[in-house]
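Student: If you want the building blocks of each chain, they are given just below.
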Amino acid sequence: MSERHDFEGGWEPERYELQAAPAYRFHLGRRDVFKCLGAGIVVLVLPGRVFAQESGRERRHAGKRDVPEELGAWLHIGEDGQIAVYTGKVEVGQNIRTSLTQVVAEELCAPLGSIRLVMGDTQLTPFDAGTFGSRTTPDMARQLQRVSAAARELLVDLAAEVWKADRASLTAANGRIIHRQTKEELDFGKLTKGQRLTLAVPDSPATTPAQRWKIAGHSAAKVNGRTFVTGQHKYVSDIKLPGMLHGKVLRPPSFGATLVSTNLKEAEAMPNVGVVRDGDFVGVVAPSEFLASRAVKAIQADWKLSPQISSQELFDSLKKPSGEVQDRGDAHRMGSVKEGLNAAEIRLQQTYSVAYIAHAPLEPRAAVAQWENGKLTVWTGTQRPFGVQGELAEAFRVSEDKVRVIVPDTGSAYGGKHTGEAAIEAARLARAAGKPVKLVWTREEEFTWAYFRPAGLIEVSSGIRKDGTLTAWEFHNYNSGASAIRTLYQVPNQEVWFHPGHSPLRQGSYRALAATANHFARETHMDELAHAVSMDPLEFRLKNLKDTRLRAVLERAAKAFGWGTKPGSGRGCGLAGGFEKGSYIATCAEVAVDRSSGRVKVVRAVSAFECGAVVNPEHLKNQIEGAMVMGLGGALFEAIEFENGKVLNPRFSRYRVPRFSDIPEIEVVLIDRQDLPPAGAGETPIVGIAPAIGNALFAATGVRLRSLPLVPHGSLKLP
Amino acid sequence: MPEVTELRINGTKVGVNADAERPLLSVLRDDLDLTGAKYGCGEGQCGACTVLVDGVPTRSCITSVGAVASKQVMTIEGLEQNGKLHPLQEAFLEAGAMQCGYCTSGMILSGVALLRQKPNPTVNEIIRFMEGNICRCGTYPRIIAALSKAAKAMEETGR
Ligand code: FES
Ligand code: FES
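These protein sequence lines map, in sequence, to chains A and B. If you read the first sequence in numbering that gives the first Met the number 0, its first letter stands for residue 0, the second for the next number, and so on. If you read the second sequence in numbering that gives the first Met the number 0, its first letter stands for residue 0, the second for the next number, and so on.
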């Protein structure tokens with residue numbers, strides 16, 4: 000395993016896409032941020048270590064990489080008072096460009112408009128492991144708070160020196176330092192003029208508690224929103240470089256196929272077309288995408304196919320042990336399940352499953368690559384610019400400092416853009432062409448050659464007493480993953496296992512990882528138990544739950560939803576709650592089922608969410624609504640169908656994603672715990688909707704559904 | 000193959016040199032640098048490539064450039080007038096009706112067409128009209144809110 004897996008492997012084994020071998024190995028035959036920033040001041044945070052001038056970045060190349068927290072961000076205040084903040088995080092629609100800007104504005108006491116975030120650029124920004132796992136808010140926001148607070152204190156020092164004043168009588172506000180007695184003011188630009196100061200902050204300066212936030216904690220509009228509504232924002236697929244060509248790659252006819260022979264003559268004879276073959280990689284370049292597509296179609300290739308498992312046989316195959324269970328299986332044991340089952344009055348055993356689904360980001364993978372004097376620059380939409388830099392360095396056998404990866408704000412990702420496929424392909428073609436090359440995956444390529452959310456099989460067996468007390472809980476997850484696998488309900492006897500499987504499809508991270516699958520199984524099973532003892536599902540959960548934060552979201556969601564009032568005929572209500580990555584969610588849903596057609600419609604859904612202190616309420620709500628909508632797709636109808644190594648539904652006309660008419664009336668209740676540090680929120684709100692809908696469908700029809708998607712073709716078979 | 004040599008885009012005549020069979024989307028993006036219209040599917044299913052052709056929302060990915068040679072094409076770049084955003088653009092900003100923004104141009108142009116047809120659409124009318132536009136980030140409720148907001152604002156200001 001290569002060095003770059005050091006961080007990820009440790010925490011979350013189901014990030015399979017990061018453990019895979021590179022797709023191609025080609026047979027091919029530092030910059031200095033402080034210098035290029037110009038005058039002003041640079042502030043960076045370096046906890047617990049002595050800062051050696053301008054050496055911060057090099058350290059990660061020396062053996063094992065440092066943890067990302069070590070040097071997470073720096074900021075520069077120029078002579079014009081403009082503040083540039085450098086972070087390796089990327090913007091893929093979570094609106095962190097805005098929320099992080101707010102955090103800086105808050106601590107630095109500067110107007111939002113004077114702050115610019117430079118994100119995801121391996122040459123300009125500090126190393127970052129990647130934008131995933133909901134770590135931006137808890138880690139990066141915290142770092143930026145500290146760096147900004149330190150900068151503010153430095154500015155106060157500078158002003159105190161200018162005025163020969165006591166720093167205690169000075170305040171920072173709105174991009175200025177103000178002398179409270181003399182009412183004199185100096186703006187940041189004046190203070191930094193002519194300076195060349197670098198300040199490393201070794202420890203934590205005092206930061207503003209959430210209770211006193213004036214800019215953070217409020218709803219600020221998307222900072223670069225205007226460039227989106229006017230179509231001016233340049234996504235990777237919009238970039239055009241002088242002399243740029245368009246690339247296309249020859250894809251195998253099915254998964255697992257290997258290239259035997261090719262006939263490139265016809266393609267090579269096309270005017271202005273270049274063809275590259277390097278091992279199993281075959282691609283073309285042409286002056287237009289139209290021509291490149293034609294050229295790639297003109298290539299004749301012989302492939303050796305290998306037998307592949309189809310959707311139908313999937314779940315049997317996932318249960319076959321991968322042989323890795325001993326070393327990678329994740330187990331949690333408490334008490335004795337056997338005794339717990341003996342003590343139970345009612346025992347229940349059920350199996351649940353989830354299908355492979357696709358992220359289907361609206362902007363497919365894309366990259367623009369350019370080689371200049373042995374140095375490679377690639378613009379690509381990835382959640383791991385530094386990871387992709389490493390992939391490129393490995394594929395082309397150059398050192399990482401010869402590779403620069405730049406990530407413009409990207410057309411979404413949802414955990415699906417951790418890898419650098421398009422970057423590698425574009426770079427290989429650009430290298431051969433001697434010109435910049437743009438390569439944009441088609442929707443079909445994105446559906447086929449990206450990675451999927453893992454399918455999984457989950458077996459639960461449990462025992463309860465008639466009064467609703469849980470006595471035993473045994474939970475086995477095959478293949479989908481270990482995220483949120485443990486139950487927060489009180490059970491004295493439990494055993495929880497994750498068994499990695501042999502996945503027939505390439506699988507990897509997806510928003511909230513396996514937390515969706517595990518919550519679906521757990522919260523459906525809890526609902527079944529509640530009905531088994533004729534208890535209200537909310538009451539049953541609360542009876543077995545001590546965790547006050549989970550109780551709070553359940554109670555708040557239920558209240559806002561009006562839990563307990565009887566819905567009309569053909570309707571039913573369900574609820575589910577959960578916890579993951581530092582935040583808590585509870586979702587209630589009401590469904591309507593058409594008696595004659597079985598058509599299912601989610602009528603309304605209410606989620607209560609708590610992730611500590613709220614940084615931007617509107618953007619947080621936006622994320623929660625978005626997660627509920629996305630989760631609704633996976634709950635009701637999204638599934639990748641495959642046979643003989645081919646995806647059968649690789650397009651939006653055959654793979655159904657939620658549309659306007661699918662959307663219920665959505666209400667979001669935020670619990671703002673200003674006494675707690677903020678946690679990430681882009682993922683967890685997705686986990687409640689599927690079990691809430693499934694439970695509601697049971698309430699409406701008496702039909703218990705235990706597989707996601709619940710109604711693959713939009714309607715339910717009623718008895 | 001027949002060539003298209005002139006198009007009318009955002010109220011101006013522009014010279015091009017394009018095979019009439021080529022998709023309008025590719026001519027707009029690659030030849031004219033009007034990259035506001037996006038590729039999302041290439042099969043008319045997602046609406047990311049939506050432009051207005053004689054005022055009608057049209058999927059430029061499945062429309063040949065030859066078919067629009069004599070028509071008025073409007074792209075998102077032509078919506079802002081003299082530095083002033085269209086009320087629907089304003090409403091998208093106010094309602095926070097986007098996350099990654101990749102669907103936004105198509106959503107706004109479809110929405111503009113709807114508001115021209117129905118200055119005061121009901122929620123159901125919005126849903127029916129906008130059904131062909133996908134927002135994978137799931138900002139649908141906000142897009143509906145933005146459309147209602149814009150309708151109100153336009154009524155008040157008479158735009
Ligand atoms: S790209 Fe044209 S509808 Fe999707
Ligand atoms: S905002 Fe991302 S697709 Fe709509």
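Heads up, some of the hints might be wrong.
[What the hints assert, rightly or not] Result set (EDC-like, lysine to aspartate or glutamate): computed pairs, CA atoms no more than 16 Å apart in a straight line:
| no. | chain 1 | residue 1 | chain 2 | residue 2 |
| --- | --- | --- | --- | --- |
| 1 | A | K239 | B | D29 |
| 2 | A | K233 | B | E130 |
| 3 | B | K148 | B | E89 |
| 4 | A | K239 | B | E89 |
Hints listed in this document are in silico derivations from the structure and should not be mistaken for laboratory results.
Student: Each hint needs a verdict: does it hold in this structure or not?
Tutor: Hints, verified against the model:
1. A:K239 to B:D29: 8 Å, holds
2. A:K233 to B:E130: 26 Å, violated
3. B:K148 to B:E89: This hinted pair holds, its Cα atoms lying about 9 Å apart.
4. A:K239 to B:E89: Violated: K239 (chain A) and E89 (chain B) sit about 28 Å apart, past 16 Å.
Of the numbered hints stated above, those contradicted by the structure are hints 2 and 4, listed in ascending order.
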